[in-house]
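**Q** Here is what each chain is made of, one letter per residue.
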Amino acid sequence: MKQSIKKLHKAFESNTRLGIMSALAVNEYMEFNALKDLLAVTDGNLASHIKFLEKEDFIKVYKLFINRKPNTRYKITESGLGAFKQHISALEILIKQHK
Amino acid sequence: MKDQYQNDLNTIKEIMEKSTRFVSLSGLSGILAGIYATIGALAAYYIVYYSKSIPYASFQLGISSSEIILLLIIASIVFFLTIGTAIILSNRKATKLKAKLWDTTGKQLTEHLFIPVLFGGLFIVLLYYHAAYTLIAPASLIFYGLGLINASKYTVRDIKLLGITEAILGVTCGLFPGYGLLFWFVGFGVMHVVYGTIMYLKYDK
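Protein sequences, first through last, are from chains A and B.
Take 104 as the starting number for the first sequence in this note's numbering and just add one per residue.
Take 213 as the starting number for the second sequence in this note's numbering and just add one per residue.
FYI, nobody ran anything at the bench for these hints, they're computed from the structure.
None of the values given here were measured: they were computed from a predicted structure.
All C-beta atoms, glycine included, are put in the ideal place defined by N, C-alpha and C.
It is possible that some hints are incorrect.
If you only want the chain B side, here are some residues facing chain A, beta carbon under 8 Å, derived [said to hold, decoys possible]:
hint, residue
1, Lys214
2, Tyr217
3, Gln218
4, Asp220
5, Leu221
6, Thr223
7, Ile224
8, Ile227
9, Met228
10, Lys230
11, Ser231
12, Thr232
13, Lys312
14, Asp315
15, Thr316
From just these sequences and the hints, can you work out the full model?
**A** What follows is the structure, encoded as structure tokens:
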């Protein structure tokens, strides 16, 4: 049981970070505003959590221009997806053990 | 603690759903689409059969070019009324759900629905050109069904069932030449009302 708790990643303790990872795990990419609307958080809040995940190398930022307007996209990295999947299976194991 | 884990899992699932599925699709617009299609089918029946006292599904059917133009006008009116209603009602539902109508899932849904439907439309023009009239109704139902199945990944699952129903109706329709209008009425009229009502009761309330 101790082992499975170890697999719960600290990065996903925050609901917003959990939300960002959930959305990026099933979408090719997400734009900043789409994530903001989806998770119903403020600009500053979202930006700080994104920075955290970026530092962990769980997500990657792509800045580009569409019709000369700046556009920021986020994609999940391979290690991010791996860690997230591990986190989900750890949650499932913990729930089973408590039943 | 256990509740916390369960909550986390629920949050993950909910966000995955919400970020990949178009939730604003209005059931009411499905019902109205069915009603427009029914009126359209009745008008077509009147023009082609009733006004000339030809029995339905008769094979000695002759349609003049002015009638074809009239039928095309009816079809266009039904088409644009349906699209317009869907946009207005879905927009209203999106506002209520605090979602954006034209978000990524909305775009994906439209794209995946219209690609098979567009090629189906072109194929139907070919069928018309080659005088394969009995295959026009089956082809329209099959391609519309395939479009719905294709688009269902991006919205509620009921749309997949509706798509399968339309495709089955299309194939069945091909077995009964001359009854195209009846199958059109069932596929585009009755089925939209049925599935629209199911969706309205499940999601709109």
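**Q** For every hint, state whether the structure bears it out.
**A** Hint-by-hint comparison with the structure:
Here the hint on Lys214(B) is kept, as its CB sits about 4 Å from the closest CB of chain A, short of 8 Å. Look at Tyr217(B): its Cβ gets to within about 5 Å of chain A, closer than 8 Å, so that hint holds up. The interface hint given for Gln218(B) holds, since its Cβ lies 6 Å from the closest Cβ of chain A, which is under the 8 Å cut-off. A hinted interface residue such as Asp220(B) counts as satisfied when its beta carbon comes closer than 8 Å to some beta carbon of chain A; here the least separation is about 6 Å, so the hint holds.
Hint on Leu221(B) holds. Least Cβ distance to chain A is approximately 5 Å, under the 8 Å limit. Nearest Cβ of chain A to the Cβ of Thr223(B): about 6 Å, under the 8 Å cut. The hint holds. About 4 Å separates the beta-carbon of Ile224(B) from the nearest beta-carbon of chain A, less than 8 Å, and the hint is met. Given hint, Ile227(B) at the interface with chain A, holds; its Cβ is 4 Å from that chain's nearest Cβ, closer than 8 Å.
Restraint check, Met228(B) versus chain A: the minimum CB separation of about 5 Å is within 8 Å; hint holds. Using the Cβ-Cβ criterion of 8 Å, the hint placing Lys230(B) at the interface with chain A is satisfied: the shortest such distance is roughly 6 Å. Nearest Cβ of chain A to the Cβ of Ser231(B): about 4 Å, under the 8 Å cut. The hint holds. Taking 8 Å as the C-beta cut-off, the interface hint given for Thr232(B) holds, the closest approach to chain A being about 5 Å.
Nearest Cβ of chain A to the Cβ of Lys312(B): about 6 Å, under the 8 Å cut. The hint holds. Checking Asp315(B) against chain A by beta carbon gives a least distance of about 6 Å; that is within 8 Å, so the hint holds. Satisfaction of the interface hint for Thr316(B) is found here, the shortest Cβ-Cβ separation to chain A being roughly 6 Å, below the 8 Å cut-off.
When held up to the earlier numbered hints, the structure conflicts with none and fits them all.
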